[in-house]
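Number of protein chains: 2
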Amino acid sequence: MNMDIATVNALPYEDFVNILGNVVEKCPIITAAVWSRRPFVNLTALETAISEFIDALPESGKEGILRCHPDLAGRDLQSGTLTRESREEQAGSGMDALNSAEASRMARLNEEYKERFGFPFVICARMNDKANILRQLSERCPNERAVERARGIEEVKKICRLRLQDLVLIDAPNKL
Amino acid sequence: MNMDIATVNALPYEDFVNILGNVVEKCPIITAAVWSRRPFVNLTALETAISEFIDALPESGKEGILRCHPDLAGRDLQSGTLTRESREEQAGSGMDALNSAEASRMARLNEEYKERFGFPFVICARMNDKANILRQLSERCPNERAVERARGIEEVKKICRLRLQDLVLIDAPNKL
Numbered sequence: 015m016n017m018d019i020a021t022v023n024a025l026p027y028e029d030f031v032n033i034l035g036n037v038v039e040k041c042p043i044i045t046a047a048v049w050s051r052r053p054f055v056n057l058t059a060l061e062t063a064i065s066e067f068i069d070a071l072p073e074s075g076k077e078g079i080l081r082c083h084p085d086l087a088g089r090d091l092q093s094g095t096l097t098r099e100s101r102e103e104q105a106g107s108g109m110d111a112l113n114s115a116e117a118s119r120m121a122r123l124n125e126e127y128k129e130r131f132g133f134p135f136v137i138c139a140r141m142n143d144k145a146n147i148l149r150q151l152s153e154r155c156p157n158e159r160a161v162e163r164a165r166g167i168e169e170v171k172k173i174c175r176l177r178l179q180d181l182v183l184i185d186a187p188n189k190l
Numbered sequence: 015m016n017m018d019i020a021t022v023n024a025l026p027y028e029d030f031v032n033i034l035g036n037v038v039e040k041c042p043i044i045t046a047a048v049w050s051r052r053p054f055v056n057l058t059a060l061e062t063a064i065s066e067f068i069d070a071l072p073e074s075g076k077e078g079i080l081r082c083h084p085d086l087a088g089r090d091l092q093s094g095t096l097t098r099e100s101r102e103e104q105a106g107s108g109m110d111a112l113n114s115a116e117a118s119r120m121a122r123l124n125e126e127y128k129e130r131f132g133f134p135f136v137i138c139a140r141m142n143d144k145a146n147i148l149r150q151l152s153e154r155c156p157n158e159r160a161v162e163r164a165r166g167i168e169e170v171k172k173i174c175r176l177r178l179q180d181l182v183l184i185d186a187p188n189k190l
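Chains as they are written, first to last, in the working numbering: chain A, 15 to 190; chain B, 15 to 190.
Okay, chain A solo, but in the shape it has when bound (with noise of 0.2 Å):
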């Protein structure tokens, strides 16, 4: 049931918005930012056009953007009030089945990633089990801050890029 990228480019920006506006969680800004530049030839130049928007944001636009994740196995987990996309992607992962001592390790690691910088812990969740999320929030937390802040945007983008593939169809690689 996805889209192919002229029935995209066909959008009108109120169901562009509405339909991919949540690729980049809560930051439905960006995709109502880049519907300015459509026509997109195929899947990869609308993600290209995210990935150039947020490249070209200042710093603390990038910290904002982290800042719009929900923790994993958090607050908004245990609450329900986690995004579609973030509550599948998290019960995907086996966030949503953790044992005690990881729920509880989980949450000591979240706390002091935040505390040190400012911002969550982002990671696909789609491209990592339980054990390596982790693993990954374990030995991240030492890190320096722009390094944490640059890494966790690329893991932004690689949600975004499966988000993107749920909803529009992934360039045909023979179409003429």
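Treat the hints as calculated values from the structure; they're not laboratory data.
Please note: incorrect hints may appear among the correct ones.
[Stated by the list, open to error] Chain B residues, not near chain A, derived (Cβ > 10 Å throughout):
id, residue
1, 16
2, 31
3, 56
4, 59
5, 113
6, 161
[Claimed, not checked] Okay, the calculated bits of chain A under chain B, using three or more residues with CB under 8 Å as the criterion:
id, segment
7, 30–41
8, 44–52
[What the hints assert, rightly or not] Example chain B residues on the side facing chain A (calculated, C-beta under 7 Å, incomplete):
id, residue
9, 24
10, 29
11, 40
12, 43
13, 46
14, 47
15, 50
16, 54
17, 74
18, 75
19, 78
20, 79
21, 81
22, 82
Think of the CB as a built atom: it goes at the ideal place given N, C-alpha and C, for glycine as much as any other residue.
Given chain A, work out where chain B should sit, using these hints.
Below, chain B without anything else, positioned relative to chain A:
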């Protein structure tokens, strides 16, 4: 019940974004970004930080902000999907109580505006009444795109200022 600026400055980013995240409609990234610039000496400094962040965005980003705004007396008002802030603002200026002729005129002008500019007509509803909004919408339709983009952003800042004043204490002029 408004917070003083010291309380605002002491908020962790999650609370800061939860409380202030919609001072620019559906753009929590902006609030989340300016958290990096705390502490703020007063409400004006916070408002200025938001304003400067907006001004530093590329033109597409400014259009993105405008596209995150609902139509006045539009689909979201009819379907009850406005944000709380927008609902109150639109109701306050009479947008939820248009007679049939006014509603038709508003709908027609909104469509004309969006068709021409690729973003919605944005105006600070709390500073205008029904008649004034309809008049300005009609008068602004023939403008140039760049003029309307800048004008819309000015209105976004007025809306933001009033939303901030609902949450944060205005600087006490004689405070020692």
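Quick one, is the residue 43 (chain B) hint okay against chain A at 7 Å, beta carbons?
4 Å, holds
So is residue 59 (chain B) really clear of chain A, every C-beta pair being over 10 Å apart?
15 Å, holds
Next item in the hint list is residue 82 (chain B). Is there a CB on chain A closer than 7 Å to its CB?
With Cβ-Cβ at 5 Å, under 7 Å, it holds.
Once the closest CB in chain A is found, is it more than 10 Å from residue 31 (chain B)?
6 Å, violated
So, as I understand it, the hint says residue 78 (chain B) touches chain A; can you test that by seeing if any CB pair is closer than 7 Å?
With Cβ-Cβ at 3 Å, under 7 Å, it holds.
Does residue 16 (chain B) really sit off the interface, with its C-beta more than 10 Å from all C-beta atoms of chain A?
Given a closest Cβ separation of 23 Å, the condition holds.
Measuring from the C-beta of residue 24 (chain B) to each C-beta in chain A, is the shortest one below 7 Å?
14 Å, violated
Cβ separation check - residue 161 (chain B) to all of chain A, threshold 10 Å
Its Cβ never comes within 10 Å of chain A, the nearest being 17 Å, so this holds.
Taking the closest Cβ pair, is residue 54 (chain B) under 7 Å from chain A?
Hint violated; residue 54 (chain B) Cβ to chain A Cβ min 14 Å, cut 7 Å.
Residue 79 (chain B) as an interface hint toward chain A, with CB separation required under 7 Å:
6 Å, holds
Hint status (Cβ of residue 40 (chain B) to nearest Cβ of chain A, threshold 7 Å):
6 Å, holds
Coverage of the segment 44–52 of chain A by chain B (three or more Cβ within 8 Å)
holds (count 8)
When the structure is compared with the earlier hints, violations turn up for hints 2, 9, 10 and 16 and for no others.
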